[in-house]
Structures are given as C-alpha cells and as structure tokens.
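**Student:** Sequences are here, hints too, so could you generate the full structure?
Here the protein sequences come in this chain order: L and F. Start counting the first sequence at 1; every next residue gets the next number (this note's numbering). Start counting the second sequence at 1; every next residue gets the next number (this note's numbering).
Keep in mind the hints are simulated off the structure, nothing from the lab. Certain hints may be false.
Computed Cβ-Cβ distance ranges for the label pairs, DEER-style [claimed, not checked]:
hint : chain 1 : residue 1 : chain 2 : residue 2 : range
1    : F       : Glu50     : L       : Asp344    : 57 to 63 angstroms
2    : L       : Glu277    : F       : Glu233    : 55 to 61 angstroms
3    : F       : Ala119    : L       : Gly32     : 58 to 64 angstroms
4    : F       : Gly160    : L       : Asn281    : 56 to 62 angstroms
5    : F       : Pro118    : L       : Asp344    : 42 to 48 angstroms
Note that the coordinates shown come from a computational prediction; the quantities given were computed from them, not determined experimentally. Using N, Cα and C, we set each Cβ at its ideal position, and we do this for glycine too.
There are 2 protein chains.
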Amino acid sequence: MYAVVLAGGAGTRFWPASRRSHPKQLLSLVGGEMLLAATVRRIAPIAQGEQLLIATGSQLVDVTLAATPSLTRAQLLVEPMARNTAPCIGWAATTIARRDPDAVVVVLPADQFIADEPAFLDTVRVAIDSAARGVITTIGIKPTHAETGYGYIEAVPASGRVWEVARFVEKPGRAQAEAFLAAGTFLWNAGMFVFRARDMLAAIRAHLPALADGLEHLDALAARGDEAAGLAELFATLPSSSIDTAVMEKLATLAVVPGDFGWSDVGSWLTAAELAEKDANGNSAPASAVFVGARDNHVVDLREDSAGRVIALVGVSGLVVVETADALLIVRREDSQRVREVVDALILRGRPGLV
Amino acid sequence: MYAVVLAGGAGTRFWPASRRSHPKQLLSLVGGEMLLAATVRRIAPIAQGEQLLIATGSQLVDVTLAATPSLTRAQLLVEPMARNTAPCIGWAATTIARRDPDAVVVVLPADQFIADEPAFLDTVRVAIDSAARGVITTIGIKPTHAETGYGYIEAVPASGRVWEVARFVEKPGRAQAEAFLAAGTFLWNAGMFVFRARDMLAAIRAHLPALADGLEHLDALAARGDEAAGLAELFATLPSSSIDTAVMEKLATLAVVPGDFGWSDVGSWLTAAELAEKDANGNSAPASAVFVGARDNHVVDLREDSAGRVIALVGVSGLVVVETADALLIVRREDSQRVREVVDALILRGRPGLV
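**Tutor:** Structure below.
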C-alpha cells in the first residue's frame, strides 16, 4: 500500500499568505493545521514512511521539508519542472512498480480539507479494495450544493459502494449544476485516484504512449542508479498533460466510490472564511483583534511580531483581511476569486518579490 | 498683533494615527502638511516669532517642537494640566497684556483645515479691525450643509462684514440644522476669537472672577520671574471652564465676522477622506496600493518601512484603512465616529500602549 501526495501547487488565490515560494499546501488555512501536514497525518493509517511519497517542485523542496518535519528527503519525488499531473503520477507509479507492481497506490492532493476523517479513511479503503481487483478507482464527492467551480463525474449507481464512471463533466453552468445536484448521480471530481501501479502504467501505455516511453526510459535510468542525473533532461520531454483528460476520461472501465466526509478544496479566502471557527458575530480573528459593529469578517495575521499589534474593524461586514510582513489584503468575501488580479498587477508593476 | 494657537488637544477620533502622545494637530491629515504647521504658516502674515504663542500640554512639548522646527520653546505656553479653554486663553491674554494691553490677539485652534487661505486672512483682518475697536469678535463659518456636529452662532446681519452675535446654539438636531441653513443667519462656531488682551481680561473678570483672581496671581508671579516655579500649583486651582460657555455666551456685546474660506474641522476619518485627493475611482492611497474593483476608499500608511510593502483592496468600497507600526484600522467611512470605541476597548483590555 502506497500513498502519493501531490504537493506541487503554486496558486495565487491565497495571496498574500501564499507565494510562489510558499504555496497553499503549506498554509494553515483551517483550524491551525497546515494542509499538507493534515493530508500526511490523515493518510498515515494507510501509508507512511517509505510507503508515502510527496510529489513537489524543485523550488519547494526546502520549504516543504522545513514545514513538515515528519518527512525525509527520500520520500520526495522532486519534479524538475511543472508538467501537469500525468507525468508526475506516472513517475510515482513507475517508482512504486519497481518495488512492487501489484502495490495499490492512493493519489491525494495536498491542499484539501476533510472534516470527517474516519469516513474519509473508510471511503479510501473501499476504493483500495476496488483497485486491488485491477480497476482504477476514483473517489467522487457527493455534492452538498450546486457548485459551478468544480468538475463533475457522472456515475452509474450500483447496489454497493463502488459505482461505475459514465463520464467526466467540465465545470457546469448554474442551471446544469442545479440539475446535477438534483439527479444524485453526479459527484465532484476531487482529484483522488486509487490504482495498482501496474494498472496505471498500462493505462498510460494505452492512452498516452509518449509518456509511457519516457517513463520506461526513466525506469531504466533508475534501475542503473542514474535517475537523478538524467531526470531534468528527460522530464522536459514528457508531455505536459492532465491525468484526468489524457488518461482517466479515456478508460473503458473506471470505478468511483462516492464520498461524504466534509470535503472542501479550500479554493479561496471565501472558503477559508466559511470553514473557520467564528464568534457570536460571525467574526474569526486573533484574540487581539477589536470589532466594533463589525460582522462576518475573517482576519488572518501572519506577521511574526503580531503580538504587540492590534487589528481593529469598525462597521464593516463580510471582509477577509490578511496581513503579512510585506502585504495587507482587504477583500470582500464574495470577490475572493479576484485576488489573483492583485498578483497580476504586482507582476505588471515590477514587484515580483511580493508574489 | 499676536496669535495664540490652541494645540493641546488629545482626541481619539484619528486612532491609530493619533495617540495620547501624538494628537491630531501633529498629523498630516490633508494634503501632506501637518495641521499645526499649516495653522502656523497660515497666520504668519499676521503674527510670527515672538508674536506667535502655542498653547499646549506639558506631555506634548517635545513632540510639538520636534514636529514644528520653526517654533522655539519660548513660544510655548505649556499648560501643566488640561483645564479646558478659559484658563488657557486667559493665561495667554495675561502674558500678552504684560507686554502690551492694547495688543490684538487672534486665537486659533491648531487642528483645522482651510482651503482658501487669502480669504481666511482677509476675514481675520476684518475681525482684527473690529477687535481693535474694543469689541471681542469671533469668526463664524457660513454653513455649507445642515451639519449636526457643530455648535452654531446666531447672528444679527448688518450691512458690513461685522455682525452682532445674538446667541450661541448647541449642536442642533437634523430638522433644526436644516432650518439654520435655510435661515442664513446661523454660523458654525469654529473656536476662533479675536480681542484686545485687556478686553478679554475684563470679560473674564466680569463673568469668571475665580479665573481672573488666579490670572492676577499668575501675573504677579511672572512679573517677579517666578511663573515657572508656581505655575503647576496655581494652574490646578483655576476653574476648568470653556471660554465659550463661561465667558463668550455671557457677553453683552460680541461681534462675529462671517467667514467663507473652505473651512473644515477635520473631525473624523470620514472628513479626512472627503478632503483627500482621489483617483478616477474615488480612491486616495499611496501610489504602491493596488485596487481591484474597489471604489471610494481612503488608505493611509504611516509605517516607516512602508516602501517595500503593498496594501491591496479587492471589491470593497467606502472604507478608511489606516496602518501604523502597531495597529491596523479598517472602518466604514460612515462609522468613523465609532473609532473612539476601539480606543475604549483597548484601554479596557489593558493595552494602553496602543492608544
């Protein structure tokens, strides 16, 4: 049993807390625990130590290890450059298959929140049983609302907990999302996949042969101890493809286990605000903050010397306020998606040090 | 000709920019010039050097001199404790009368904004001519809107520019303020008074004899060079009274010169925001600020090392944002008056260092 945690994301939606050099998975956006650390902790009953691999970018190695003391360098799959998810998952499958081609691999994004951890583990174990029988299996989240920001998986319900995937659906419009919610057969695609290493490699061979060739080359390099030396050159030749569109959507048979465990992708400051613990006025903030006639605000103070300081909100509602050593963001909760426009503006202004 | 600038104010309405140790008159709230410095500069054509006195509190001496390099210690009337305006103005009149009892004295608050400075000086000169004829004279501001936050002076219009005061009126309600504006005979009381030193002392003798006794004692001390030694003890015995209610309102004859020179008391962050220069979206802010879908916001960054930092506002409107080394205030413009509640809360929480 192996787990691979995808921790290469950059992301600008959580600026100024997230930076290119300190991305979302290294933030404590919910309940004080870093998202990556929570992901590693949650999957530990299934895989840890040598059975746990963390895929990340070369520029994130130091900060990832510093932020997650339980990890060692040997557990990292360090991508020399970002090539989307297919090369990364293929490389993980290749690496694990060298040890045990029948090993079941659980792939998890590093930057999600899960409220009901026993239910999550239970769902993963159902998916593992399915994958162990040779069927690539994904976990789909039962929708709680008509979300237009996620991709969906249409499933064919079965009597058991393992359903068959009918198709993948791109982010829907409002009306379509409402219909999906009502139908009960559409699940959110959360990017969680479970498979035997050999099955994933066979699927890549069938649907993305250019990647399969590259992975065999990489495997040969690794077998003679030259992987580190040849990795950068070879990785650059791999097709930059999403595992969803290049492989998963083309499979004749794909299983899905519906999951209902308080999942969130923590996609924006709005979501972080919604998940935060709040006082009677709906505010979440450091204890030192002062509120006067202010409701439903989410205040994050990431300054190292914040103890002697105070943040005071008067008469304002529905704001997210994020303070770091070099930046202050004030955003209306509903406009959280527009935070990336600040990052764009800073780059245009020649202030890349701030992003 | 003398001018006395009243610069003893404390004030919590401009927290966190203003503090007990750094009050409003020392802030650059409009156009980058400190209010006290602007007041001193504006009156310079009429009085400067030895003819200009600044009344302030003992705890503000160092910061006032540091902030206003044109002033010397000899120009300060340092009140050992706050005793409202009557003792302060009486002390100034006593001090000036020792040099020249017929000198005309212009009393000005230190913390007001005036847009049309030539019109202001012209008005002051009319008031000086009136005062030189032995009539205590105030300057009343022609209302531009139905303000409920100021006291009013009802005047009896005359053919010239010097009118007679009928009565002082406390801050009115909304309907009354509308009526005052429509009547055209009501002026805002801006706390500007012009008088011969001897006339003010006579008025104090007539209407506030306890103060007159104290001032005579103080004058005797000063005449023999002992003022500094006896000041604190004597000042504590003076009645803590407002010159308006204790003297001005009781005078049988008081003149008022209507003034129309773009006056503002800069009474709150709302006013400061209104007076600030704005960009096409109504925002006023440091050039480094980033606005995304944000309108009508007023951003003040008083941190010494603000150059490397950025303040970004996304989707918010009508906010005042003030950042200092130890505090961040975010207030809806219309709730600016409630900023003092933050100061109250900080004192209650045992954080007096922040106020």
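**Student:** Give a verdict on every hint.
**Tutor:** To see whether the hints hold, each was checked on the structure:
At roughly 59 angstroms, the beta carbons of F/Glu50 and L/Asp344 sit within the given window of 57 to 63 angstroms. About 56 angstroms separates the C-beta atoms of L/Glu277 and F/Glu233, a value consistent with the hinted range of 55 to 61 angstroms. F/Ala119 and L/Gly32 have their C-beta atoms about 60 angstroms apart, which keeps the hinted 58 to 64 angstroms range intact. Judged by the Cβ atoms, the range 56 to 62 angstroms given for F/Gly160 and L/Asn281 holds: they are separated by roughly 58 angstroms.
In this structure the supplied range 42 to 48 angstroms holds for F/Pro118 paired with L/Asp344, their Cβ-Cβ distance being about 47 angstroms.
The structure is consistent with each of the numbered hints, conforming to all of them.
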